[in-house]
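**Student:** Could you put the whole structure together from the sequences, leaning on the hints where they help?
Protein chains: 4
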Amino acid sequence: MTTDASLVLTAYCTNRAGIVAALSKAVFDLGGDILDLQQFDDAGTGQFFSRVVFRGVSGPLDADTARRALAPVMDGFAMTWSLRVQGERRRVLLMASKFDHCLADLLYRWQIGELPMDVRAIVSNHPRETYANLSFADIPFHYLPVSKENKAEQEDKLAALIEAEQIDLVVLARYMQVLSHELSARLAGRCINIHHSFLPGFKGAKPYHQAYERGVKLIGATAHYVTSDLDEGPIIEQDIERISHRDSADELVRKGRDIERRVLARAVRSHLEDRVLINGMRTIVFPE
Amino acid sequence: MTTDASLVLTAYCTNRAGIVAALSKAVFDLGGDILDLQQFDDAGTGQFFSRVVFRGVSGPLDADTARRALAPVMDGFAMTWSLRVQGERRRVLLMASKFDHCLADLLYRWQIGELPMDVRAIVSNHPRETYANLSFADIPFHYLPVSKENKAEQEDKLAALIEAEQIDLVVLARYMQVLSHELSARLAGRCINIHHSFLPGFKGAKPYHQAYERGVKLIGATAHYVTSDLDEGPIIEQDIERISHRDSADELVRKGRDIERRVLARAVRSHLEDRVLINGMRTIVFPE
Amino acid sequence: MTTDASLVLTAYCTNRAGIVAALSKAVFDLGGDILDLQQFDDAGTGQFFSRVVFRGVSGPLDADTARRALAPVMDGFAMTWSLRVQGERRRVLLMASKFDHCLADLLYRWQIGELPMDVRAIVSNHPRETYANLSFADIPFHYLPVSKENKAEQEDKLAALIEAEQIDLVVLARYMQVLSHELSARLAGRCINIHHSFLPGFKGAKPYHQAYERGVKLIGATAHYVTSDLDEGPIIEQDIERISHRDSADELVRKGRDIERRVLARAVRSHLEDRVLINGMRTIVFPE
Amino acid sequence: MTTDASLVLTAYCTNRAGIVAALSKAVFDLGGDILDLQQFDDAGTGQFFSRVVFRGVSGPLDADTARRALAPVMDGFAMTWSLRVQGERRRVLLMASKFDHCLADLLYRWQIGELPMDVRAIVSNHPRETYANLSFADIPFHYLPVSKENKAEQEDKLAALIEAEQIDLVVLARYMQVLSHELSARLAGRCINIHHSFLPGFKGAKPYHQAYERGVKLIGATAHYVTSDLDEGPIIEQDIERISHRDSADELVRKGRDIERRVLARAVRSHLEDRVLINGMRTIVFPE
Numbered sequence: 001m002t003t004d005a006s007l008v009l010t011a012y013c014t015n016r017a018g019i020v021a022a023l024s025k026a027v028f029d030l031g032g033d034i035l036d037l038q039q040f041d042d043a044g045t046g047q048f049f050s051r052v053v054f055r056g057v058s059g060p061l062d063a064d065t066a067r068r069a070l071a072p073v074m075d076g077f078a079m080t081w082s083l084r085v086q087g088e089r090r091r092v093l094l095m096a097s098k099f100d101h102c103l104a105d106l107l108y109r110w111q112i113g114e115l116p117m118d119v120r121a122i123v124s125n126h127p128r129e130t131y132a133n134l135s136f137a138d139i140p141f142h143y144l145p146v147s148k149e150n151k152a153e154q155e156d157k158l159a160a161l162i163e164a165e166q167i168d169l170v171v172l173a174r175y176m177q178v179l180s181h182e183l184s185a186r187l188a189g190r191c192i193n194i195h196h197s198f199l200p201g202f203k204g205a206k207p208y209h210q211a212y213e214r215g216v217k218l219i220g221a222t223a224h225y226v227t228s229d230l231d232e233g234p235i236i237e238q239d240i241e242r243i244s245h246r247d248s249a250d251e252l253v254r255k256g257r258d259i260e261r262r263v264l265a266r267a268v269r270s271h272l273e274d275r276v277l278i279n280g281m282r283t284i285v286f287p288e
Numbered sequence: 001m002t003t004d005a006s007l008v009l010t011a012y013c014t015n016r017a018g019i020v021a022a023l024s025k026a027v028f029d030l031g032g033d034i035l036d037l038q039q040f041d042d043a044g045t046g047q048f049f050s051r052v053v054f055r056g057v058s059g060p061l062d063a064d065t066a067r068r069a070l071a072p073v074m075d076g077f078a079m080t081w082s083l084r085v086q087g088e089r090r091r092v093l094l095m096a097s098k099f100d101h102c103l104a105d106l107l108y109r110w111q112i113g114e115l116p117m118d119v120r121a122i123v124s125n126h127p128r129e130t131y132a133n134l135s136f137a138d139i140p141f142h143y144l145p146v147s148k149e150n151k152a153e154q155e156d157k158l159a160a161l162i163e164a165e166q167i168d169l170v171v172l173a174r175y176m177q178v179l180s181h182e183l184s185a186r187l188a189g190r191c192i193n194i195h196h197s198f199l200p201g202f203k204g205a206k207p208y209h210q211a212y213e214r215g216v217k218l219i220g221a222t223a224h225y226v227t228s229d230l231d232e233g234p235i236i237e238q239d240i241e242r243i244s245h246r247d248s249a250d251e252l253v254r255k256g257r258d259i260e261r262r263v264l265a266r267a268v269r270s271h272l273e274d275r276v277l278i279n280g281m282r283t284i285v286f287p288e
Numbered sequence: 001m002t003t004d005a006s007l008v009l010t011a012y013c014t015n016r017a018g019i020v021a022a023l024s025k026a027v028f029d030l031g032g033d034i035l036d037l038q039q040f041d042d043a044g045t046g047q048f049f050s051r052v053v054f055r056g057v058s059g060p061l062d063a064d065t066a067r068r069a070l071a072p073v074m075d076g077f078a079m080t081w082s083l084r085v086q087g088e089r090r091r092v093l094l095m096a097s098k099f100d101h102c103l104a105d106l107l108y109r110w111q112i113g114e115l116p117m118d119v120r121a122i123v124s125n126h127p128r129e130t131y132a133n134l135s136f137a138d139i140p141f142h143y144l145p146v147s148k149e150n151k152a153e154q155e156d157k158l159a160a161l162i163e164a165e166q167i168d169l170v171v172l173a174r175y176m177q178v179l180s181h182e183l184s185a186r187l188a189g190r191c192i193n194i195h196h197s198f199l200p201g202f203k204g205a206k207p208y209h210q211a212y213e214r215g216v217k218l219i220g221a222t223a224h225y226v227t228s229d230l231d232e233g234p235i236i237e238q239d240i241e242r243i244s245h246r247d248s249a250d251e252l253v254r255k256g257r258d259i260e261r262r263v264l265a266r267a268v269r270s271h272l273e274d275r276v277l278i279n280g281m282r283t284i285v286f287p288e
Numbered sequence: 001m002t003t004d005a006s007l008v009l010t011a012y013c014t015n016r017a018g019i020v021a022a023l024s025k026a027v028f029d030l031g032g033d034i035l036d037l038q039q040f041d042d043a044g045t046g047q048f049f050s051r052v053v054f055r056g057v058s059g060p061l062d063a064d065t066a067r068r069a070l071a072p073v074m075d076g077f078a079m080t081w082s083l084r085v086q087g088e089r090r091r092v093l094l095m096a097s098k099f100d101h102c103l104a105d106l107l108y109r110w111q112i113g114e115l116p117m118d119v120r121a122i123v124s125n126h127p128r129e130t131y132a133n134l135s136f137a138d139i140p141f142h143y144l145p146v147s148k149e150n151k152a153e154q155e156d157k158l159a160a161l162i163e164a165e166q167i168d169l170v171v172l173a174r175y176m177q178v179l180s181h182e183l184s185a186r187l188a189g190r191c192i193n194i195h196h197s198f199l200p201g202f203k204g205a206k207p208y209h210q211a212y213e214r215g216v217k218l219i220g221a222t223a224h225y226v227t228s229d230l231d232e233g234p235i236i237e238q239d240i241e242r243i244s245h246r247d248s249a250d251e252l253v254r255k256g257r258d259i260e261r262r263v264l265a266r267a268v269r270s271h272l273e274d275r276v277l278i279n280g281m282r283t284i285v286f287p288e
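Protein chains in written order, with the working numbering: chain C, 1 to 288; chain P, 1 to 288; chain B, 1 to 288; chain D, 1 to 288.
Careful, some of the hints might be misleading.
Stated by the list, open to error - Some chain D residues near chain C, calculated using beta-carbon distances under 10 Å: (1) 20; (2) 29; (3) 43; (4) 46.
What the hints assert, rightly or not - Some chain P residues flagged as far from chain C (calculated, every beta-carbon gap over 10 Å): (5) 42; (6) 44; (7) 57; (8) 64; (9) 80; (10) 89; (11) 99; (12) 113; (13) 120; (14) 177; (15) 230; (16) 244; (17) 246; (18) 283.
The hints are simulated quantities; they were obtained by calculation from the structure and are not laboratory data. Computed from a prediction, not measured in an experiment: that's the story for all the values here. Heads up, the beta-carbon is just placed ideally off N, CA and C, and yes, glycines get one too.
**Tutor:** Shown next as structure tokens:
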């Protein structure tokens, strides 16, 4: 996670010849030296995707200046694009329920500087004492218990908080309440959930118990963007572990914790580093 | 794969105290030395499962003698059990369709002595020349092309062949025709299929294309016993490989070949070595 | 991790026929019902190893009573053995240096009840404020800074602490000081270290930098019992992750943290659950 | 493995600003459309590495024409570079000894079109009947038995064969004779060996037996370019599998076969697809 004022450009558009040449020339012309260029042509959809990291040849580049310099080229290709300072922290809201292994893991990684994020709020439908062993440093904690009756009201509070704190990314770190279609849609591409199964297997409730009943030999976890279609959003990362007939459903739950936390952390990191581009139901994840 | 006339006992029954003591005493009393004992108590179903390898303390034991000596003890626990000479080759029928990577792999492993089986027949719905590059040694090849019209008739031939050759195990090595409910039922516990997905994800046709469309980040394969419920039989073995957005559906097919062949080979080996016991929808697979 | 007063017997001796029969009969005779029996005959060394979990058929068994009942049988085979109440917490001392990812992980797992241990002390050669973000609950922290001059003196304090607290297991959770031969010998079989490489590759200092220089495509970590021979003790657990040419040595360090913490946690858990038996330079690790 | 007359450019040089821009402009100017561009800046050595796949915007491009058009740009950066038609088969010589699992696997993959190579010769220090079960199609087989006395002479024959057949790549598919320093040097960057251990662990002879003695919990295999420094060449690919105390050295040998063949096949495929660039002791392997 370098923070030497490199800039990260992500961009996608309908593919045609000459995009890389134009992009890299534009970077060169504004005094940039490309450190890393990754691109992907999706033959199926005819889309071009790219992530370019560059820095000033002679001293740091100003992001706004760079944006202005790049805009005409980007417009020429009708690109959807974004330029950010590398390592600049995104504003993140973490949500959890009773189980806090993902929350604890994300906080630890944040504390040691592994995740370039500014945690603006922690939200839970369980009270603060649920996490008695976790230090939240000075991050505000919001207790938003959810019942059938108050669900809409609590979600309004959540939406207001997201707006007030200008949240860039919401992470559902084993938050067990389903967001409304409306909020899911509003957070499209900036809300990551960890599902405790190897999707598309075992959607819905109690996936480890489903996995136990079905007798699978591997269990997994899936980090995906939240969409209004439950457990169906674009997948960012998945991983698995081997189990055996000796494992009860409870032991799957325990072993699953390790998978969930590393899958979610990788997905969040990839997102924070601008490595993920959404391509319909799928994602491009440019490797570290 | 030792063939020093050790005996392998597999057994299961309703669990109660004293089974291991009685079993191991019976083995000791008949002059046996236990080389390997594995057992599993399924707390959920209250069943006891065991696999015991033993040899004669003073010279090889005769299997029939051992069976007679063990029978009273086994009867006392109402055990379902089987005793075989370790390494004794089972009579196997291999079935394939157009793609022969699993067939080729099983034959290679058989040739170098990795799989204790006696391949009695190879059956395909494609003609012999489909496998022009494969040496079948002196294994008879049976061409049974299947159409809507002749499906029942061809399956009768297959069933007759299984009977005539006293087949112990049928391996569907990417055989792409669905067996009838009746034949599936008749082969219960002695017919292994390789499904080219990480079940229960992507059941049915073209699983790699389904996986591509869904945008998963890992693909897998599943070896399972065939039941009359398609893609739903007890799972013996699964494995996965990591893929990326760069992989087209065709590349998933290619990468999947490596997963399929190793998953199927492991499952077949476990079965041939009497390591697999069926427990309803699940399996116990005692480790090597 | 059941704590229903089951008992766990671990035992090893020179192998001969009849051990399992005698063991299981002895358990049955004292009113025990075997829940899990695992054994291993090492053909190379002629040793027999076993782990047996059992509970009373009619109510909890008293450990001392069971020990007295089993002793004659165990003596008959000249067994080295141990009997413990399953889930009984061992007294553990954790040691760390500057990097606290393993320490944080072990503490988290302890807090949520994943590791049956009673952490009696945390010892570091760095001061308490190094771990400002970690809650140690009410575990005493001991700051024992080490220099060439005071090394022996500090180790005496450590040894005294181990004795005073009746420590069963010392865990070197990325503790970067080498223990003396004498202390290593005294802690034989009850001191686990995590080495941040896939041993025997990259022994010694800065293994990730060695790995980077060598250009390996996988990095790993190794949990092993400490012996007087540095980085050479019996291995309990190892794991790896895939890396690429894009990873700098610093990124290997980051990725390695995830491997280290899970490898160490698994090894500690296996030890605490009496699953590990030492067999010369090797270990038997009976699976969960 | 597309063969639609796309061209693959691989190139490396001392890094400086503007290379990607110049490269991609040159491709565009000659009428090329970039399908895939991967690049890597090695911060440690200050080298730039790249692999670019492109095709003609309006019909196939001629490779020679493209080379002439690119040459001035490449010269301007003092690039070492190569341009090939994608999917064009390299001329390959396969070498094996007694164990043929890697040989059989490479031949199978070649037969089904998975590896873009033209196998010009198979060389062994064992006679043809060693591979009785393998079909070599019409590939000439050369029996070159090696003894202390004739080693130099046989290697001369090998070198002559390599020259006569204009071999692009020599694959040591478990060939157990050490090549001379001279031949190794002459084949620098075009001779791939599979070593049956997770290098740098267990160099030299009988690595599985070393691994067994050391009690590791994972075994591996390593594909690397051959250099005059035995087992020390740049690593292309590695993989591992989990083992347990139950595995004897012989079982490690068996399990290792599966690892070796897939690691070697991946490395060979990467080389054949121009994905591997050598960077001192390390390799860049641009992902598929």
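**Student:** Checking each numbered hint in turn, tell me which of them this model violates, lowest number first.
**Tutor:** Failing hints, ascending: 4, 5, 6, 16, 17 and 18.
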